[in-house]
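A.B. asks: Based on the hints, put chain L in the right spot on chain X.
Taken in sequence, the protein lines are chains X and L.
Oh and the first sequence: position 16 is 15 in numbering that gives the first Met the number 0, straight run, nothing missing.
Oh and the second sequence: position 185 is 184 in numbering that gives the first Met the number 0, straight run, nothing missing.
Be careful, since some hints might not be right.
For chains that are exact copies, the list does not tell them apart, and a pair is met inside one copy or across any two.
Below, simulated BS3-like cross-link-like pairs (lysine-lysine); rule was C-alpha separation at most 27 Å, straight line [to be verified]:
| hint | residue 1 | residue 2 |
| --- | --- | --- |
| 1 | K2 | K49 |
| 2 | K153 | K173 |
| 3 | K173 | K49 |
| 4 | K2 | K39 |
Hints in this document: simulated from the structure, not taken from any laboratory.
What you are looking at is a predicted structure, and each value in this text was computed from that prediction instead of being measured.
Number of protein chains: 2
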Amino acid sequence: MSKGEETRERIVAQAASIFNRKGYAGTALSDLMDATGLEKGGIYRHFTSKQELAGEAFDYAWKVAMEMRFADTEQIPNAVDRLKQLILNFRDRRSGLVPGGCPLLNTAVDADDSNPQLRTKARHALSSLLDRLELIVDEGKQRGEICRDIDARKLVVLTLSTLEGALMLNRLQKSSEPLDIACAHLVDHMETVVRAKKKPKSTTR
Amino acid sequence: MSKGEETRERIVAQAASIFNRKGYAGTALSDLMDATGLEKGGIYRHFTSKQELAGEAFDYAWKVAMEMRFADTEQIPNAVDRLKQLILNFRDRRSGLVPGGCPLLNTAVDADDSNPQLRTKARHALSSLLDRLELIVDEGKQRGEICRDIDARKLVVLTLSTLEGALMLNRLQKSSEPLDIACAHLVDHMETVVRAKKKPKSTTR
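Isolated chain X, as found in the complex (with noise of 0.2 Å):
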């Protein structure tokens, strides 16, 4: 990686922390100097535009999120025990996230009328996640693990705007009782409900 490649990564990474913290509207050029330790000319040397930068930095938010919640989860084998563990992993992962929060929330709301391209970026990046955990769903139905009346569809959206709306809460209250809430609440659904009844023999844990 070229001096250039590298200077530019550092500065993607830097803003990440402010735009998922203050928003696109709310992150001044002084801001981004701040945390860059550059000028203005040092950063936009780099990149044509706010808007190219704030892209940017989005998909390394999301890049970073997406390791932390499907952290430790390939290697489960049951689909059921899979799902559960990205359910702990949004409560108990967090503080690996880049500062400010899920990047999807932040940017859901603050993109929402005042920046398309960037809106257009976070709906892409929440049709990926859902497909993903779509398709764990789906395997998990086709092993048997998984009821097979389960709408994997329905499950996955359910699983996502619980978790994503206990965040919130959570960020308002300054307090980690929503997200527990909302991951006991899933964790027992996926027990009762949605894990097959006569466990496969591929169930390990």
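C.D. replies: Then chain L, alone, in the frame of chain X:
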């Protein structure tokens, strides 16, 4: 009401739809001037600061949201049916909100770091909504309409988290799928888990 008070109320209502859509940082004086048709002096004759106007705008947007969400609920005698109506109001009465959607979601995310006074207002609004919902659950338990083993606090935090998260997903997808799914799930939860099995005679719908 004096002419001055009338003007003040009109400014608050018009500013609310700007702050609720664009956020605190994203709202420029020029936006407020466009929305109200007033010059800077005409607006700030009535408010000491943007912060004060934003606070009153939040209170206004929240009051409207509460009217929409509790519409047609007070006359429903059974607590479970009342909660179900509240859930459906979240889905069906969004067009009556101040433009920009749920002021709690917007303010929780927007005012996270940058505006502690507005954040405090939103936290109090959340608290009072949760208390009001909890009271419905507690009264329903006392009247034997709701299972005795239901934890009122957990139920209302879970319900609100699910609805607010679904609102966020709706907004991003520009589709009502998430809220449809969330409402169907919550209504089913009310019927199958929350409603006391042996219905008391006061159940009328």
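A.B. asks: Does each hint fit the structure? Answer for all of them.
C.D. replies: Do the hints match the structure? See the list:
Taking the shortest Cα distances, K2 and K49 sit within 27 Å of each other inside one copy (22 Å), while across copies they are farther apart (44 Å). Taking identical chains as interchangeable, the C-alpha atoms of K153 and K173 lie at most 27 Å apart only when they sit on different chains, with a minimum of 17 Å there against 29 Å within one chain. Within a single copy, K173 and K49 get their C-alpha atoms only as close as 31 Å, which misses the 27 Å cut-off; across copies the closest is 25 Å, which meets it. For the homomeric pair K2 and K39, the shortest alpha-carbon distance inside one copy (18 Å) is at most 27 Å, but the shortest distance between copies (48 Å) is not.
The structure meets every hint from the earlier list without exception.
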